[in-house]
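**Q** Here are the chains, one letter per residue:
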Amino acid sequence: MSTVDLPGTSPVTGGTSTTHRQRRLSPVRAAQYVMMAVVLFFAVGPLVWVVINAIRPETEIAAYPPKLLPRELTGEHFASLFGLYDFGTYLINSFVVSIVATVLALVLGTLAAYAMARFDLRAIRAVGELSLVAYLIPPILVLVPVTQILFGSGLGDNRAALAVLYTATLLPFALWILRPYFSGIAVDIEEAAMIDQCTRFGAFLRVVLPQAVPGLVSTGIFTFNAAWSEYLFASTVMTTTSKLPANAAIFLLMGQMGTGSWGLLMAAAVTLVTPVVVLFIFAQRWLISGIGDGAVK
Amino acid sequence: MSIVTSSRQRAREEGRINRPRRQGLTDHQLALAMVLPAAVLIIIFAVYPFAIAVWNSFSEVDINTGATNFIGLDNFQSVFTTPAILASMGRSAVWTLANIVLQVLIGVAVALLLNADLRGQGVFRGLVLFPYMVPAIVVALIFRFMFNDVTGVINFGLQRIGLIDEPMSWLSDPDMLMTTIVLVNVWKYSPFFMIVVLARLQTIPQGLYEAVSVDGGGWRHRFTAVTLPAIVPVVLAGMMLRTIWTAYDFDLPFLLSNGGGPGGAAVTVPLEIRQLAFEQQSIGQASALAVIAAILLTGASYFYIRGYGRVVKADQ
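Chains as they are written, first to last, in this note's numbering: chain D, 392 to 688; chain U, 1341 to 1656.
Hints may contain errors.
Quick list of the computed label-pair ranges, beta carbon to beta carbon [stated by the list, open to error]:
#, chain 1, residue 1, chain 2, residue 2, range
1, D, Arg-516, U, Leu-1365, 14 to 24 Å
2, D, Pro-456, U, Val-1554, 50 to 60 Å
3, D, Gly-545, U, Thr-1543, 44 to 54 Å
4, U, Ala-1433, D, Asp-477, 34 to 44 Å
Stretch-level coverage of chain U by chain D, calculated; a stretch enters the list once three of its residues show a Cβ under 8 Å from a Cβ in chain D [what the hints assert, rightly or not]:
#, region
5, 1366-1378
6, 1390-1401
7, 1407-1413
8, 1420-1431
9, 1481-1495
10, 1511-1523
In short, the hints are calculated from the structure, not lab data. None of the values given here were measured: they were computed from a predicted structure. Glycine included, each C-beta is placed from N, C-alpha and C at the ideal position.
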C-alpha cells in the first residue's frame, strides 16, 4: 500500500496541489474541511454516544431532554452485565469459536492458497473455481441444509461444530485474499532453499510463509471479525443458552429486558465492539488494503 | 511451476537431495494434500448444502426426519402465489436498490473528499472506515437506542434543529421502518465503497489531471475525463458484491427490527426464508424462495459483469 502515502490529487476542487498549499485557506478548502467534519460526526458520533451512555446511571439515560455529557460516572451496567447476566460466559464462547475458526481458516487457507498459486493442476484449478462459487453462496441459502446436516449428524448445538462451520464459510474469502500474496512471492528463493536440503514443504514453511505475514494478518483480522460478528448461524444451530456466542445472547437479552435498561445494553455493545476496535487500531494499514483486495482483485 | 520442478530435478541430479522415499511426496501429491482439507470443508458446508437446497425446493420435506418427497414445481408455485412471500420479495428489491444507490453515492463522494489532500486525512481515513467493522448486533443496539421514539437522541436532535415538530416513530411505525433500516445499513456499509474507490483514486497519475488542465479543462472536465472513467470499473465490481451481500443480508434487518418489525415491515427475503423454514416448517417453500433469489441475483451479477466488460473494453 505504498500508494496510500502518495499526495492525493484534488479533482473536486480543481486546485492543483501547489496552488492550494500556497493559499491560506480557500473557500473550497474550508468547505471540504466542514464536510469532512460532518462525515466524521456521522461515522463516529454514534459510537461515542454509546460509550457515554454505557457509563452513566440509568436515570441520566432516561432524562429528557438528553444531556450530552455525563454528570456522574458509573460501572454498574458492566457490573450487572457480567454479574447478573453472566455475559462472561457468552464472551468466552465467542472468543473460542472465533479464534478457532480464524486459526483453522488461516492454516487451511494458507496451504490451499499456496498450492493454488504454485501448481497448475486441473484438480487444483477446480477447487479454485469451487471456492469462488462458494464465496458467492450466501449463508441464508445454505442455512436450512446446514442445520439439517449438523443436527442430523448429532453435531447440532455444538461449539466445535460451529467453529468448523465458520471455518468453511470463511475459507473461500481467505483463499481469495491469500492466493495473490503467494503468487506475488518469487519462486527463486524457494528453489534456493530446496537446493539447500529443504523439502518443498520445508521451503514453504521456512521461506515462503514468513513473507506472507502481512497477508495472513489482514486475512486473520477479517475472518476473526466476520466470525465475531456472525449472528444467523449462531442463533440457528445453537440451542442451549449457555453455549451461545455473545451476539446471539445479546439479542435474547434485548428481548427480555425491553427499554428499561438501556445502560446495560449499551455496556454490552461497548464490550462486544472493544475487540474490534483493538484489532482495528492495531492493523489499520492492513485493513485498508485488505478491503480493496477482497473487492476488486 | 515448471521452473520449480526443473530446478528440483536439477538438484536431484546433482545428488544434493537424497532423501528416504517416503518423505519425498511428489509435487503433485503435495499440492493435492495441501488443497484437500479446504476442498472437503467447502464441499461439506457450501456445495453439498447448496445441492440439498436445490433438491429440497422440488420436494416436500419432513422437518424432523429430513425425508423428502418429490413434488415438482409446487413449492415454486406457492411461492409466487403467497402474498406474504411476494411482499418479502418487494421489500428485498426496495432494500437492495436503496442501499446500493445510497452507498455508491456517499461512498464515492467521501472517497473524493478523502483524496482531496486535506490535513489529517490519515486519521480521517481510519475513522471513516470504522462503521464497516462494527458487528451487526452492536449496530442494532446503537441505533435502537438512538432511534428510540421517546428518549432517542435522533428525535431530540431533529426537533432541536427544527427539521421535525413531533418525535418520529422510526422503528415502531411500519411505514417508516424500512427507511430507518436502510439508513442504518448505509451507515455501516458505505465505507466499503469509500475504501475501494479511494484505493483506485490513488493510482491515477497526477499527470492526467494536469493534461486536462493544460487543455483548459475545469474541475468538471477533470472529473468526467479522468476521475469517472477510472472509478467506474471498481464501482461496478463493488456494486456486484454488495448487491449480492445486501440482498442476502439477514443479520442487520433482523436484529435492528427486532425480528422483523411491526407487521413484518422489515421482513425481506432472507428473513422470510428463515421464517418459512423454522416457524412454518415448510422447508420446501423456504428452499424454493432461496433458489429463486439465487437465480435473480445471478442474473443481476451477469448484468454487472457485462457492464464491467463493456466499460473496461471502452477504456482500452
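**Q** The structure should be examined with respect to each hint, and the outcome stated for every one.
**A** Status of each hint after checking the structure:
1. Arg-516(D) <-> Leu-1365(U): 14 to 24 Å: About 20 Å separates the Cβ atoms of Arg-516(D) and Leu-1365(U), which means 14 to 24 Å holds.
2. Pro-456(D) <-> Val-1554(U): 50 to 60 Å: Check passed, 56 Å falls within 50 to 60 Å.
3. Gly-545(D) <-> Thr-1543(U): 44 to 54 Å: About 52 Å separates the Cβ atoms of Gly-545(D) and Thr-1543(U), which means 44 to 54 Å holds.
4. Ala-1433(U) <-> Asp-477(D): 34 to 44 Å: Between Ala-1433(U) and Asp-477(D), where Cβ atoms are some 42 Å apart, the hint holds.
5. 1366-1378: Holds: 9 residues of the region 1366-1378 of chain U have a Cβ under 8 Å from chain D.
6. 1390-1401: holds (count 4)
7. 1407-1413: With 0 residues in contact (Cβ-Cβ under 8 Å with chain D), the coverage given for the region 1407-1413 of chain U is violated.
8. 1420-1431: With 0 residues in contact (Cβ-Cβ under 8 Å with chain D), the coverage given for the region 1420-1431 of chain U is violated.
9. 1481-1495: It holds: at least three residues are needed, and the region 1481-1495 of chain U offers 10 whose Cβ sits within less than 8 Å of chain D.
10. 1511-1523: As far as the region 1511-1523 of chain U goes, the hint is violated, because 0 residues have Cβ atoms under 8 Å from chain D.
In this structure, the earlier hints numbered 7, 8 and 10 are contradicted, and the remaining ones agree with it.
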